[in-house]
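Chemist: Residues per chain, in single letters:
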Amino acid sequence: MNRQDELESEEQRVLDAFARRASALLQASVADLDGATRSRLTRARFAALEQRARATSHTAALWQRWLPAGAISAAVLSVLLVVGQSGSPPMLPAANSGAADDIELLADADGLALAQEQDVDYEFYEWAVGSARDAAPGGTVNDTGNGSAGVGGSPLSVGT
Amino acid sequence: MRAFATLLLDTAGYEALEGTELQDTRQNESRLLADFLAGVERKGFRIAQIALRHEEDALDAVQDAMLRLVKGYASRPAEEWRPLFYRILENCIRDMQRRRRTRARVLAWLPWRGGDDEDAGEPDLIESGPDPAPTPAVQAQTTQTLQALEMAVADLPARQRQAFLLRSIEGLDVSATAQAMGCTEGSVKTHYFRALQVLRARLGDFAP
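Chains as they are written, first to last, in the numbering used here: chain A, 3 to 162; chain B, 2 to 209.
The shape of chain B in the complex, shown without the other chains:
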């Protein structure tokens, strides 16, 4: 009986020690996660903003991506978070684009909704461009070249846009971009090269 009691006490002590270590690990993981999210949130927002051409939607997409990453993938190794985050963000962006298209189709059939609604129909290049009346800070920082570039990027096919923005804004290399896009490195190179060609051809005088 004494041996049994000793075993129980040992087990309890081990569990307490393990609990403390587990708590430390979780705290450390939370700190790492907070740092990671702080490092990607602005770039993620700009990627979403350029793709969606809507600030509120972009914020929603980034928040959604953060929540999904934290909820589903926080326990994964930290080096996997970046490609995972951008993959999730791209899914959020596509979900929003899909929702917008569906809403636009439905609303187009409603008689009391005129064609002048901002959500109706396919996005108009001028109307869906950067906000014509942004905050003064944004207005001061946004140049004509940047606006032209953003519009041209937004018009790219999804995969080309994704490859271009991940490499240009986030600075991911080909391998990490391939991970984030869920495709081969060869595909990334092709998408990125075509994106550059199209953008340069479209921007003409506005080329940065």
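So here's chain A without its partners, still in its complex pose:
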């Protein structure tokens, strides 16, 4: 250790000792504060905490006032939505029915085969229906309303 380092470390020791004594003196002065000052500091602390308590209770009161109202409004709104949905016509009827028709068409294997068959004798079917209408009493197919039509229950059974 050279002379310069020794001087620096000596100065540091002196300053450290000074700092310790100064700190002790100042901390003693904190501990020895007079009663009047302590009392005023306590009042200042209570004032600060009271302000916080007031602000907190104000916020809580707002919550207490508006939370039930909000909950009731939400409940009423939800009930209205549920009731309204069950009573109203189905949403998007056109789009839904179109899709349903397509699916029904695809699922009907006979219909699909009929549609794909090129040499279907449509005239025969028209003749058969016409014959059934003529054979019926009164000249028309008797629609009984129960799904069966004409004599024999089926128009195709008339001419065969």
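Hints are computed from structural coordinates only; laboratory data are not their basis.
Here are the simulated EDC-like pairs of lysine to aspartate or glutamate, each with C-alpha atoms no more than 16 Å apart in a straight line: (1) B:190 <-> A:18; (2) B:72 <-> B:30; (3) B:72 <-> A:52.
Chain A is already provided as a structure; the job is to place chain B on it using the hints.
Modeler: Chain B only, in chain A's frame:
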């Protein structure tokens, strides 16, 4: 509908439970805050008193710092309160010093205010020193060395004074002092070291 009603009841129960927990947390936080303020108020007051050399102003500064901390930072983690409090207190001290200087400048121009006013002009070392007629309790406790030290500390540049007082009175370490001062630990070391050098040189025989 039954499921919906159950959900509503569950929600209400949860909110009630949450409300109770919230209340407990707030009470606990208030208790912690009260303890914290009780622990720092006297040290804060002495720091402000030495910096401002005025008891009333020091009390105002501490009260203001408490209010600001409680209002703006109570929800922060408790370990952050100490550096925050001293940072706020230092801002309050500077605000007061600035107000004093402005008031002194304005009053110096007024013809009916003589130069003998205590607020006029730059603070005089003797006049603005510790109260010449303090309460008996203070008089008994205040030694000549303490007075000399306080005056010398008050004359330090603001950053040196802040570093010295935070470390000497509050006992903050370098890291916490840096947080409170809003600077690096290296700056704190420099300010503190220079403060010690200046104080020792100024105090001479009155060195503690």
